[in-house]
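Protein chains: 6
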Amino acid sequence: MRPSGRQADELRPITITRHYTKHAEGSVLIEFGDTKVLCTASVEERIPPFLRGTGEGWVTAEYGMLPRSTGTRMQRESSKGKQGGRTMEIQRLIGRSLRAAIDLKALGERSITIDCDVIQADGGTRTASITGAYVALHDAVDYLIKTRKLKKNPLHGQVASVSVGIHNGTPVLDLDYAEDSSAETDMNVVMNDAGAYIEIQGTAEGHAFRADELQAMLALASSGVEQLMQKQREALAAS
Amino acid sequence: MRPSGRQADELRPITITRHYTKHAEGSVLIEFGDTKVLCTASVEERIPPFLRGTGEGWVTAEYGMLPRSTGTRMQRESSKGKQGGRTMEIQRLIGRSLRAAIDLKALGERSITIDCDVIQADGGTRTASITGAYVALHDAVDYLIKTRKLKKNPLHGQVASVSVGIHNGTPVLDLDYAEDSSAETDMNVVMNDAGAYIEIQGTAEGHAFRADELQAMLALASSGVEQLMQKQREALAAS
Amino acid sequence: MRPSGRQADELRPITITRHYTKHAEGSVLIEFGDTKVLCTASVEERIPPFLRGTGEGWVTAEYGMLPRSTGTRMQRESSKGKQGGRTMEIQRLIGRSLRAAIDLKALGERSITIDCDVIQADGGTRTASITGAYVALHDAVDYLIKTRKLKKNPLHGQVASVSVGIHNGTPVLDLDYAEDSSAETDMNVVMNDAGAYIEIQGTAEGHAFRADELQAMLALASSGVEQLMQKQREALAAS
Amino acid sequence: MRPSGRQADELRPITITRHYTKHAEGSVLIEFGDTKVLCTASVEERIPPFLRGTGEGWVTAEYGMLPRSTGTRMQRESSKGKQGGRTMEIQRLIGRSLRAAIDLKALGERSITIDCDVIQADGGTRTASITGAYVALHDAVDYLIKTRKLKKNPLHGQVASVSVGIHNGTPVLDLDYAEDSSAETDMNVVMNDAGAYIEIQGTAEGHAFRADELQAMLALASSGVEQLMQKQREALAAS
Amino acid sequence: MRPSGRQADELRPITITRHYTKHAEGSVLIEFGDTKVLCTASVEERIPPFLRGTGEGWVTAEYGMLPRSTGTRMQRESSKGKQGGRTMEIQRLIGRSLRAAIDLKALGERSITIDCDVIQADGGTRTASITGAYVALHDAVDYLIKTRKLKKNPLHGQVASVSVGIHNGTPVLDLDYAEDSSAETDMNVVMNDAGAYIEIQGTAEGHAFRADELQAMLALASSGVEQLMQKQREALAAS
Amino acid sequence: MRPSGRQADELRPITITRHYTKHAEGSVLIEFGDTKVLCTASVEERIPPFLRGTGEGWVTAEYGMLPRSTGTRMQRESSKGKQGGRTMEIQRLIGRSLRAAIDLKALGERSITIDCDVIQADGGTRTASITGAYVALHDAVDYLIKTRKLKKNPLHGQVASVSVGIHNGTPVLDLDYAEDSSAETDMNVVMNDAGAYIEIQGTAEGHAFRADELQAMLALASSGVEQLMQKQREALAAS
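Same order as they appear, the protein sequences are chains A, B, C, D, E and F. Residues 1 to 239, numbered by this note's numbering, are exactly what the first sequence covers, in order. Residues 1001 to 1239, numbered by this note's numbering, are exactly what the second sequence covers, in order. Residues 2001 to 2239, numbered by this note's numbering, are exactly what the third sequence covers, in order. Residues 3001 to 3239, numbered by this note's numbering, are exactly what the fourth sequence covers, in order. Residues 4001 to 4239, numbered by this note's numbering, are exactly what the fifth sequence covers, in order. Residues 5001 to 5239, numbered by this note's numbering, are exactly what the sixth sequence covers, in order.
Just so you know, the hints here were simulated from the structure itself, not pulled from any lab data. Careful, some of the hints might be misleading.
Stated by the list, open to error - To give an idea of the chain D side of the interface with chain A (calculated C-beta under 8 Å), a few residues:
| # | residue |
| --- | --- |
| 1 | M3088 |
| 2 | I3198 |
| 3 | L3214 |
| 4 | A3216 |
Unchecked claim - Each computed BS3-like pair below joins lysine-lysine, with the alpha-carbon atoms no more than 25 Å apart:
| # | chain 1 | residue 1 | chain 2 | residue 2 |
| --- | --- | --- | --- | --- |
| 5 | D | K3082 | E | K4080 |
| 6 | C | K2105 | C | K2151 |
| 7 | A | K22 | A | K149 |
| 8 | F | K5022 | F | K5149 |
| 9 | A | K80 | D | K3022 |
| 10 | B | K1105 | B | K1146 |
| 11 | A | K82 | F | K5080 |
| 12 | D | K3105 | D | K3022 |
| 13 | E | K4105 | E | K4149 |
| 14 | D | K3082 | F | K5080 |
| 15 | F | K5082 | A | K82 |
| 16 | D | K3022 | C | K2080 |
| 17 | F | K5082 | E | K4082 |
| 18 | A | K149 | A | K105 |
| 19 | C | K2080 | C | K2152 |
| 20 | D | K3082 | B | K1080 |
| 21 | F | K5149 | B | K1082 |
| 22 | B | K1082 | C | K2082 |
| 23 | A | K82 | E | K4082 |
Source: prediction; values computed, not measured. For glycine and all other residues, C-beta sits at the position ideal for the given N, C-alpha and C.
For reference, chain A alone in the conformation it holds in the complex (with noise of 0.2 Å):
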């Protein structure tokens, strides 16, 4: 049994609100339960110095959380004067697996930076993020296209992530706070809509996890994902 309740397969309620607010490009509040997640995107007309000349264009993404996102305050990463590593992490991981999405070549010599930031957590703000990240870049593309700053969609696939774990010996789907911090294994999958992997982090700090017991998850992971692509594509259809 779950501590919420939820079948071994069954996903957290998600929704996904765009036009959160007014500033951004694409700007999207994701909910997976109780983990809300606000994900700008912002096109600035310029590119890091490392692909000056090369036509290209660059996708990346920062990430925070609120210092009372948490149940216990955190210490606010500018005032510590760095960022730790735990967010890097994160930032390097939605970063990645949004430029798995996107022709860099076909978008310009533009870039689009993606920040999300955690308002309140409670587990799988990472998914979230880059769940709700990839809604924001497509509204982002959208305004570019709209402006006739690109004539065509740099986008060729669609890109989600959800978590996969063992929770008393069983594997299960998108955990919150309350069994991850209790799980034996926790792995992140980020897939596309053709049921490739982009990104598969496990992680396994008590016990080591089995050949069977991968598996099991990534089963579970690709049912999350499909899911969570159809929730998606449900919130992109709306205007």
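Place chains B, C, D, E and F on chain A using the hints.
Below, chains B, C, D, E and F without anything else, positioned relative to chain A:
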């Protein structure tokens, strides 16, 4: 005529939403028109080193803007590695303003940190922060009383804040971004419910302001703060 | 009775020494009683990036305290690795105050940096800094005119600053450290020679101040600034 | 055909040199072909603050690259003033992997820090680091047993790691720099001697990988880790 | 012929002003010609962590230059966020030199921090700093004796420092900026009142210096230090 | 008697291994007994900003210690966020010493960075670094000549360095850690092949050294440097 069509002495629509997130002892979303700030109050059973042995508690504030809360994306302060001068000025102002409303001796050896994070900016983020922070602080104090950590209410005053300025030669109340960026003078006023001043910060980078203009702005601020306090009381009266 | 024996409306002895060091285009030691601040103005033939292409110049300020300018040694900000919030607040205030006295267009594409370094502190370091910085800026502008880099004087006003406060229930002028540390209210006022306000920063961490107290402090400030401007003019009249 | 002429399932020549430097409790130079990493294990009789009072010990890792371990000189992280995201990701991975092999309770209130410093890089520095770090950790534990600081061996598993990837459409084992920089997919796998997974980190920045490719890579990884563990055992068997 | 018209073995005019500021236990303005350094000694009843439990005290130094103490304005180290290599080198040199004159055991568990802040620079700031710092340290020790915190004087030697160099092929004493910037060799010598060496730091960035040049410079240094010690004694003899 | 059993004028066994790693233009492992330093020389076709337009090149050095190169693990400077004073002092010394051997005009608009990384420390890391760095620099210059980027050899001198000190009252050559940590005086001497001095840095934290002791140490240094230069020439003569 003001860009927004408001009267010179008219506030923007004010909304105060309590219990906006679930972890913090006080959590308030305050909206001054399109300016939206999340103010959370976190109680911690420890005090900063300079207060050890005094028996007193502490109330402090931190302020941040989400990178795309503004028209143009701002660099994240955590990735710059330090908080800028404006951020420090604002969070020191919020902290001083709140400490003017509370008896730190009566609070006991604990601290309350107010985090004011700007979700969307349209002028007046510091005055909205102070006004929302007071409500979050009030909820955190109520939590301490309900959980019997405090017997006596340490709050001895109500605090709110509003901006006033000279725009196109006319004193106006509660400037939005369009006005703020072209105002000749900008003044932030923090007052208590006895009508006395806690902070006055008036700046004339363009043209210096005369004594009569100062008096007109102070009168507007006084009426604005009174209306904001009414909003605070209504929000706190709701369950 | 004030700790120093001064009348409520009496300034400390004011001394302004020009040409205090030999390298800077303007170099002024200003003393407000035991508070001693060295203000140097440095002309540089370059402008910050945000002004490129505008044809405008820039005036900015930096503020520092020698580690043992105070009763207890303070840690050096360079060894802490960052400037504190108070330092940033003060240097931003000095910069804004001086920019209110100069036509940046007429200054041309160059910048003047005013460094205010506190040699000895006894209250009022920021008001002494502004008052001395104006004289250093004046000397730097004179240097530009004498060396024919400027044809027209870009200064269009005179600027001085003084603190006022409520001490033992009485409004007083130009607080020294003994008063400042026990004052109920502290207000710094920056004015120009037309008697108009450039900055007002009033703070009541202890007790809020009433409208009548505000008016009494403003009157004291006005008279104090007038006397300081007279001192500035005398210093500038000397060769 | 692989650039190095190796078979798809062939490791590079592996060398493990123990007692490489004289001060550390464990000191191992590990070579995966031209990739050379010095792994030292340092025992310290203290624990990080978050473990105080738990009776547990700690194992952690730090990772660095000498500035010219790579084809082009990299800026030293100490002169940049911070560790980059990649460094943090890798050292967190090494630390987690080693902690999966040791009973921290049985280690007692002390910590072992593994420093992995890359002397020469040619792809696979993180997998070489983990594989060498295990041997250094083993030597440090032996030192604790020999010096009677520990009675019981806290190691309960053997850990090694290898990279796999898709290069020119073919799954290959232990990628060198020439392959790594042009691989479509790169996956680092950490396993224990029971054949279970401790970490899986697979990334497809270019093309997403299919389920069958994932299975082929996992099979290669399994065989590679088995061979590496044999090398570890041989090295540890030598005096 | 030297740019200043001085003889090869002639010091600049030396002035030592004690009690220059009022807060510090020792406060000395030292002038070597146009080089002016304020040296303050601050007594603190605490010691750095590495000395806890040893019963010893500590003497250390910090060094800074006001931004416009030099011909061209230097960026403030506090705004750069770190102390440069030159600053660190100099303050370590001052600290070592002073510790060579004092019995740290006899000082007891307290520390004296000497701050050397350059008000105006014209070459030789580090030798002026050491020479002035000794006098400030002496005053701080006198304060400890007068206030009965110390019974026995922990100072066991007198310390002074001077620079020597090869300028236009000639060994010269006490280089000013004009000489220093064009000298072939620059050497700073710190000596005690027994005529023995505490520090010798000789640098030849341009042309290496021969053994006979070294001897000539050492002879000049010796005579210069003797004169400086006479100045120190005269200053300390005054009340 | 010296702890190592060496004669007072006896160097430790010296080994110089060229081509130690494969990427750098010069790569030298130098061993002074148990002290082992890897010196790499990296050629880059760019110069620091302050040399732009001068036609000159640049030679600079960076120094680091692996965390467990020493008896007790040192914190990594990259995780501390800054290089310490000792590191800065040493890398500035290495850079100045090398620049004394090369004609920067003849080097042309390029820079050579020497990284000296201590693999194992047993006293004398800075003198070993300078001595090894010269060989690495020589190899990098040879590379520039062989690849026809330089026609003329810009090196005009040979540079080596050794430490001398007073240990148990006796002047000794090339101190190891056991001697260094208990020496009364420690002096590092950098010389060229004409027998002239490039740098002398002598420090007496404990007891000041007399003129006759200084002369004895200089004589030892001279003989030590001569032997080191012989070792450098032998190493460079090998292919």
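Between K3105/D and K3022/D, does the CA-CA distance stay at or below 25 Å?
violated, 28 Å
I3198/D as chain A interface residue, shortest Cβ-Cβ below 8 Å:
holds, 5 Å
For the pair supplied as a hint, K1105/B and K1146/B, confirm whether the alpha-carbon distance does not exceed 25 Å.
holds, 19 Å
Is it true that the CA of K4105/E sits at most 25 Å from the CA of K4149/E?
holds, 14 Å
Given hint K4082/E paired with K82/A - CA-CA distance at most 25 Å:
holds, 15 Å
Sort out whether K149/A lies within 25 Å of K22/A, counting only the CA atoms.
holds, 20 Å
Holds or violated: K3022/D and K2080/C, Cα atoms, limit 25 Å.
Measuring from Cα to Cα gives roughly 36 Å; hence the hint is violated.
25 Å limit on alpha-carbon distance, applied to hinted pair K5082/F and K82/A:
holds, 13 Å
Satisfaction of hint between K5080/F and K3082/D, Cα-Cα up to 25 Å
holds, 8 Å
Next pair to validate is K2080/C with K2152/C; report whether the Cα-Cα distance is within 25 Å.
violated, 43 Å
Between the alpha carbons of K149/A and K105/A, is the straight-line distance 25 Å or under?
holds, 14 Å
Straight-line Cα separation of K3082/D and K1080/B no greater than 25 Å?
holds, 12 Å
Checked against the numbered hints listed earlier, the structure breaks hints 4, 9, 12, 16, 19, 21; every other hint is satisfied.
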